[in-house]
Each structure stands twice: as structure tokens, then as C-alpha cells.
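Asker: From first to last, the protein sequence lines are chains A and B.
Read in our numbering, the first sequence has 14 at position 14, and its numbers run on one by one without any break.
Read in our numbering, the second sequence has 188 at position 188, and its numbers run on one by one without any break.
Please keep in mind that the hints were generated in silico from the structure rather than gathered at the bench.
Here a beta-carbon is modelled for each residue, glycine too, at the ideal position from N, C-alpha and C.
Be aware that a few hints might be false.
[As the list claims (entries may be wrong)] Covered stretches of chain A (chain B as the covering partner; in silico rule of three or more C-beta atoms under 8 Å from a C-beta of chain B):
#, stretch
1, 26 to 37
2, 40 to 50
3, 53 to 63
4, 72 to 82
5, 93 to 99
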Amino acid sequence: MKLNAQELLAGTPLENDLTFSAPWEARAFAIAVRLSEAGVCSWDEFRAHLIAEIGKADRVRAHGWSEDGDGYYVYFLRALENLLREKNLVDAPSLEAKMREITDAGHHDHEH
Amino acid sequence: MSKNHVTVPTGAALRVKALETLLEEKGLIDSAQLDTLVDQYETKVGPRNGARVVAKAWADPAFRKRLLADATAAVAELGYGGPEGGHLVAVENTPKVHNLVVCTLCSCYPWPVLGLPPVWYKSFAYRSRAVRDPRGVLKEFGVEVPSKVEVRVWDSSAEQRYLVIPQRPKGTERMSEEQLASLVTRDSMIGVGLVKAR
Chain A
1 MKLNAQELLA
11 GTPLENDLTF
21 SAPWEARAFA
31 IAVRLSEAGV
41 CSWDEFRAHL
51 IAEIGKADRV
61 RAHGWSEDGD
71 GYYVYFLRAL
81 ENLLREKNLV
91 DAPSLEAKMR
101 EITDAGHHDH
111 EH
Chain B
1 MSKNHVTVPT
11 GAALRVKALE
21 TLLEEKGLID
31 SAQLDTLVDQ
41 YETKVGPRNG
51 ARVVAKAWAD
61 PAFRKRLLAD
71 ATAAVAELGY
81 GGPEGGHLVA
91 VENTPKVHNL
101 VVCTLCSCYP
111 WPVLGLPPVW
121 YKSFAYRSRA
131 VRDPRGVLKE
141 FGVEVPSKVE
151 VRVWDSSAEQ
161 RYLVIPQRPK
171 GTERMSEEQL
181 ASLVTRDSMI
191 GVGLVKAR
């Protein structure tokens, strides 16, 4: 059976959920997959961090019964940051510094 | 829109952008590879792969046997494999057994055959209730399982991922594999839906 793009995008019952609800979610996902493919970490190591982050959120929810399915990639991102910190690859100060650098560069561009 | 217009990322988008830049500077990842991966998961890897597996299992008894014996090897025959694809187990719905898949701890899911999991699969409500009250959860998905049918809940893990082979609907005896595959829904392969002949 050959699949064509039109068929894949046809909005059939199979495809009625967006894979990612924002581009950054896709990016975070791809970073984690690439790091495990490249052998920087194993997927199981990442998964352990993900379970820990989801577990924390679950304990909060278990008391308040709030529901937020979209929060998943927030935990995913935290797990990724925790993993990279544990591996001494990206620490909090260098992440903060890089965020400032990107923000400053962006605002600088806007002034022109 | 001006070509020089740059949207400055904020919040989570900014954090991810910063992580990506730092990792690329260290030579650990390559942005172009990330683009390819995202495209793959957004357009190529998805539940249509699983639908094709199910249709083949319905149409080809020898394949069904191989799928139930070693699902990882059987789906590789169709070219499906890769991350999160190892240790795949196929569980078959019958008139006596209905299978339901969950990952109570996080979001383990057989990517090569189903793509990435839907939002509800990752939700606290589904993860916490599927084991405790599977019939109640199924009812909310519109699936009434008769009391004489056993409901088996499979909790996914790093060791095992599950693919449900739904029951083949009546009236589809003359259909081709391709036609059969078009009937199979993602939800039916997680166990929260049934396949209808349309």
C-alpha cells in the first residue's frame, strides 16, 4: 500500500490529534531523541527524568484534581534540562545566559 | 511581511531555543537533523503504519501468528522500527477478551506503528483511571464491553510496548488489505475504540 501526503493529511480518525501543539514541543522532542540516538544518553535515562517530573505533577494533581494534558511537554522540557544538568552538559547559568543572548539579539533586530 | 522580521521567542520556546543552540555549539546535535526528525514524526510515522499491520494480521493468518509470537520482528517485515519500537507486544481482542493499553508512569507508546501518543493518553486522568476503572474509561470513549468479556489492561514500560489487534468487523470478508487498513483507527489499536465496517 502506498501512502500519499494528501491521505496522511486528510483528517481521518487516525490523524485527528495534532502531534505537537507548538513548535517548541516538537523541537524539545527532537532534541531528546537525537541525544539518545547520538549516545549522549540512553532513552531510558531520559525516561527516568520524565517519570520523575510527571510523578511530581501527578502528586499535586492527585490532591486538586486539576487536569492539564498540554502540560506534558513542560515536564518533558524540565526532564531534558535535568538530564543535561546531570550530565554536566548544560548548567542553569549558561542556559540563562544563552536565553538573554537570544532575547537581546532579537530585540536588537527589531530596532532596525 | 518583511524578511527581517524576527519573532523573539519567550517562555518555553526561548528555553528550548537556548538549549538547542548550546547543544549545537557543543557539536552534540545538528539543527538540520532536528528538522528531519520533526518532519518524520509530524508526517510519516503515525498510526497508519499500525493500521497496515492490523489489516495484514486480519488478512494473512501466517503473519498474524508471527505478529503474536514476536511483534517487533513482524512489524520489521513491513519496514517499521526505530526508536521506541523494540519489545513490541501485540495483544489480540477476541469475543472473550478486550485489551486496553496505558502507560501509568509516563507516556511509553509504540512510536514506529502508532506515531506519538495523543494528548489524552498522557493525561493524569487516563493514566490514573485506566487501571482502576477500565470499564468506566472505555464507556467514556463510547465502548461498552459486555460483562462476560474480560478486560485486560496492559501497563507499558521501557521493556514492553503494546499494540492492540482489534476484532475484524463482520461484513469485511471481501475487502483487500488496503481497504481493511482504512477502517482501522488509532484508538482501536490502543484499545479505547472498536473497528466498524463503515
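Asker: Checked against the structure, which of the hints given earlier come out wrong?
Answerer: none
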